[in-house]
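One line per chain: the protein sequences are A and B, in this order.
Just so we're aligned, residue 1 is where the first sequence starts under the working numbering, counting upward by one.
Just so we're aligned, residue 1001 is where the second sequence starts under the working numbering, counting upward by one.
Keep in mind the hints are simulated off the structure, nothing from the lab.
The reader is advised that the hints may include incorrect statements.
What the hints assert, rightly or not - Restraint ranges, calculated between C-beta atoms of paired labels, are given here:
hint, chain 1, residue 1, chain 2, residue 2, range
1, B, Val1193, A, Asp294, 43 to 49 Å
2, B, Arg1033, A, Lys296, 45 to 51 Å
3, B, Leu1293, A, Asn264, 31 to 37 Å
Being a predicted model, the structure only gives us computed values, none of them experimental.
No residue lacks a Cβ here, since even glycine has one placed at the ideal position from N, Cα and C.
There are 2 protein chains.
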Amino acid sequence: MKEVSIKELYKDDGFKKYNDEDLTINGWIKTNRDNGSLGFIELNDGTFFKNLQLVYDKDSEDFEKISHLATGSSINVIGKLVLTPNNKQPFELKVIKIKLLGDVEEGYVLQKKRHSFEFLREIPHLRVRTNTFNALYRVRSTLAFAIHKYFNEHGFVYVHTPIFTTNDAEGAGQTFKVITDKNKKDPNSFFGVPVDLTVSGQLHVEPFALAFKNVYTFGPTFRAEESNTTRHAAEFWMVEPEMAFADLKKNMEVIEDFLKYIINYVLVNNKEEMDFFATFIDKDLYNRISHVLDKKFEIMTYTKAIDELKKAVSEGHKFENNDIYWGMDLQSEHERYLTEKIVNGPLFLIDYPVEIKAFYMKLNDDKKTVAACDLLVPGVGELVGGSQREENLDILSEKMKKAGNYDSLSWYLDTRRYGGCVHSGFGLGFDRLLMYITGISNIRDSEPYPRTFGKIKF
Amino acid sequence: MKEVSIKELYKDDGFKKYNDEDLTINGWIKTNRDNGSLGFIELNDGTFFKNLQLVYDKDSEDFEKISHLATGSSINVIGKLVLTPNNKQPFELKVIKIKLLGDVEEGYVLQKKRHSFEFLREIPHLRVRTNTFNALYRVRSTLAFAIHKYFNEHGFVYVHTPIFTTNDAEGAGQTFKVITDKNKKDPNSFFGVPVDLTVSGQLHVEPFALAFKNVYTFGPTFRAEESNTTRHAAEFWMVEPEMAFADLKKNMEVIEDFLKYIINYVLVNNKEEMDFFATFIDKDLYNRISHVLDKKFEIMTYTKAIDELKKAVSEGHKFENNDIYWGMDLQSEHERYLTEKIVNGPLFLIDYPVEIKAFYMKLNDDKKTVAACDLLVPGVGELVGGSQREENLDILSEKMKKAGNYDSLSWYLDTRRYGGCVHSGFGLGFDRLLMYITGISNIRDSEPYPRTFGKIKF
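Could you build all of it, start to finish, from the sequences and the hints given here?
What follows is the structure, encoded as C-alpha cells:
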C-alpha cells in the first residue's frame, strides 16, 4: 500500500491522482470528534501546515476505540482517499483501520485549545505542536534556507567564524566567558587565555572577504546583557556578509536585493503559514511586508534625519526623548518616526557621527561622519546595520589606539597591511527578522529554546 | 566598461563571448614575473579557484611600475581579453592599465611559495589566501550548502537548537560552562542555574521531530576534552537529523543517500578544488571517495564484527589492542580493519552492546544490544553515529534512572509520554567529514579558526 505525506496530497493538487485509492499515513491527532455514528479526526504528519481529515463511521473497525483516541496521539491510518469537491477541504481519507502508535498520558497540557504565549514558553519542547509555533519554526527554517540559497546563488562563501574568541568585536562589553568543569574558577585553564563567546563574526570574517571577495557568516552570537526586553536574548543568530571591492552604495544595493529575495522566498514557500500569521497574529502583516517587497529603499543622511526630527518637535510632535541634537544616538521611536512618518517605507540612514559608531567604520571626507548604513523599516525600526569598513591603515590604526584595541587586534589590521581594499558588510539579527516577517512580537517566541536574562528552559 | 569575475570567464567557457573586448576586474596578485619586456601576473579575484593570467609588455602604461607590484597586492586592471587556444589557459587579459588598490607592507609572510601547515595555523586570517586553504574553505562552504539543500529537498525542518543548555546530552562529561564579566566566579549569576555549552543538539531536536516528522540541527558544539589529537577540537560543527516514524533501517537508508548526495554535490560544484586535493594532498582521494559514492553500504552486527576480529587475531593479525571480546569498545584500528579488510567499503555496524552506548538508544529484543548504527568508511573509521531511539517510556525511564538523569531530563521523557513514536537519527561531525572528503588530515586545518586544548588564535 502506498505511504503518502500530507504535503504531497496538498501540493499541486497531488491528492487528485489518489482518488479512490487505499493509502497509509502516520501522524498525530490534532482533534477528534464524533456524533455517535460518524467521526472526524484532524491528522497532521508534520510535513505540511494543513491537516488531513480522516472520516470514520460505524463501518470502520473499532468505531468505539477510534472515537476515544486522544489529541496528541500518534497513529498509523489506512484509508481510502475520497474527493469531496463540495466541502471546505477538497479531499478526505475514509478510515479503514487505525493503529495507535503512541498514546497520550494524563497531564498533557496541550489538550485545551488556547494557551498564552507566556505559558507555552515554559514548554518549548511541546509548543511546537501548536499551530502558531509550528508555523513559526517552519518559517524560521525556510528563512534560514533562503539566506543560504541567496548567498550561494550570488557566489558568497559561507565561513564558520568561531564562537570562542579572544576579542569582543565592538567592545560592546557584556560578554560571556567560559570555564571548564575541571578548573571552575580559572577562565584561563583550557586555552591559556581568557576566552569570550563571540558577539559578532565580523572581524573574523573580514580576512576571508579579502580572499574570496564575497563571504558571509551565519551562526549563533551571544550577549550577557542583563536586560529583559521583548527584543533581547542572550543567544541569537546573526547573518553577517562581507564584500571586498564593495563601497557603501553597493552594500545598500545588496541589502535591499537580499531582503526582498528572502522575504519573497518565504511568501512563496510558506503561503499557508504566512496566511495564518496574517489572520491570527498580525492583521497588518502583508501590508507591512509589502513595504519591503515593493518599495525602493530610500536613503537619508543622519544629518538630514536630525533636521527632520527637530522639525517634528518644533511642530509639536512629542517623543519620549524630545531632546534632539546632532551627535545623539537615535532611539527606536525616532527611527520609527523617520521610516513611518517621513518616508513611509524602508529607509537607509547613512553617514552617522563617528563618535556613536564602531571603530572599524570608514571615516568620511568630512572627518565627522562614517560610512554607516542602518536600514530602518516601518513597524520595527532598525533591521540591518552595515557600513563600509575603514581600509586606510593609518586612520584605522589611529582609531584603534584611541579605542584601546590596537594591540589586541593587530592581526585584524593585517587585512589593511597586505593587499587591503575597499570593502563593506552588514549584520542582520536573524531572530528579529523572523519577528518582522511573522508579526511575532517577542524574541522568546521566535527562538526554539530562548535564552534570556534569568531564564533558561532545558 | 564591463566588470567581470574570473568565475564567469571560466564557467561554461564564458570567456568566449568577450573575445577582443575590453574588461575590468578587481583582484589580488598571486605571482608577478617578467623578463624585462614581457610580464605575467596571475590574478585571483576570489570567485574561482583558478587564476586569470594578465599579460603586460612595454606597450602597457607603466611597465616598470607594474613589474614591481608585489604578491598579495589588490589591484584593478583594465585589459583586452585575448583567446589563446594553443596555450595551457585558453584566454588571457592583455593589460591596458593597472591601478594599485592596496599595497603589501613589509613582513608579508605569504611571499614565499611553501609554508608548513603548522606555520600557517598561526595565521588563520591569512592562510585562506594560499591554494590549499582557499580550496579547503570553498569546499567547506559548498559542503555546508549541500547539507542544507539535501534536507530542504527532502522536507526536513532546520531547527536552531541552543548552545546554552542545562544538560549535557550524553553525560559525556568535559563540558564548558559559562560565566559573565560581572560575576566572574559564579556560574549561576546570569541564568540562575549553571549552564553548559552544548555537546549535541539531539535531545533538543527530538521533540521537534515529533511535530515536523523530519528535522535537523546543524551548528557548533563543544567539548572541553584536554586532548591533543588530529581529530579533536574544542569547538566543532555537527549535523544531527532526526526522523519520526523511522526505524534503524530507514535511518541507514537516509545516511547512505545523504552522504552520496552531498559528496557528489561537492564533486560537481568544486571540481577544480577537488582535483587540487587529489593532486597535492591525497593521491588516493578519488578512489577513497568512490567507495562511498559507488558502493552499496554493507551492514554487519557488532557480534559478527567481534567474530571477524577474533578470527583475524587467530590468523595472526596484530592489533595494538589485540584483546578482542564481546562488549569491548572498538578502537579505530578495529573499525578500519573491518571496513578496509573485511568489506572493502562503507560498513554499518549495528546492534552494539547496551553498556557501551548512550541511554537513549533503543533496546533490542535480545535485551543485550541496542539499535545503533555506526558508519565506518575506509581510510577513516567512524564517520557517522546513529541509532533508533528508545520510544518505550518504561524502558527509557529505567535506563535514565540508572544513568542518573531521570530527574534532570524529565522534559525529554515527555516526548515518550505524549504521542511518542518510533524515531531515529544520526550525528555527523562536519569538520571530520570535510577532512574525509578533501584528504586534509588535521582538524586544525579543516576549521577556519580552530580551537583546541591550549590553543586559540584570535
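Q: Go ahead and decide if the range 31 to 37 Å is satisfied by the Cβ distance of Leu1293/B to Asn264/A.
A: Given about 36 Å between the Cβ atoms, the range holds.
Q.
Against the range 45 to 51 Å, how does the distance between the Cβ atoms of Arg1033/B and Lys296/A compare: consistent or not?
A. 48 Å, holds
Q: With respect to the beta-carbon atoms only, verify the hint that Val1193/B and Asp294/A lie 43 to 49 Å apart.
A: This hint holds: roughly 47 Å between Cβ atoms.
The structure meets every hint from the earlier list without exception.
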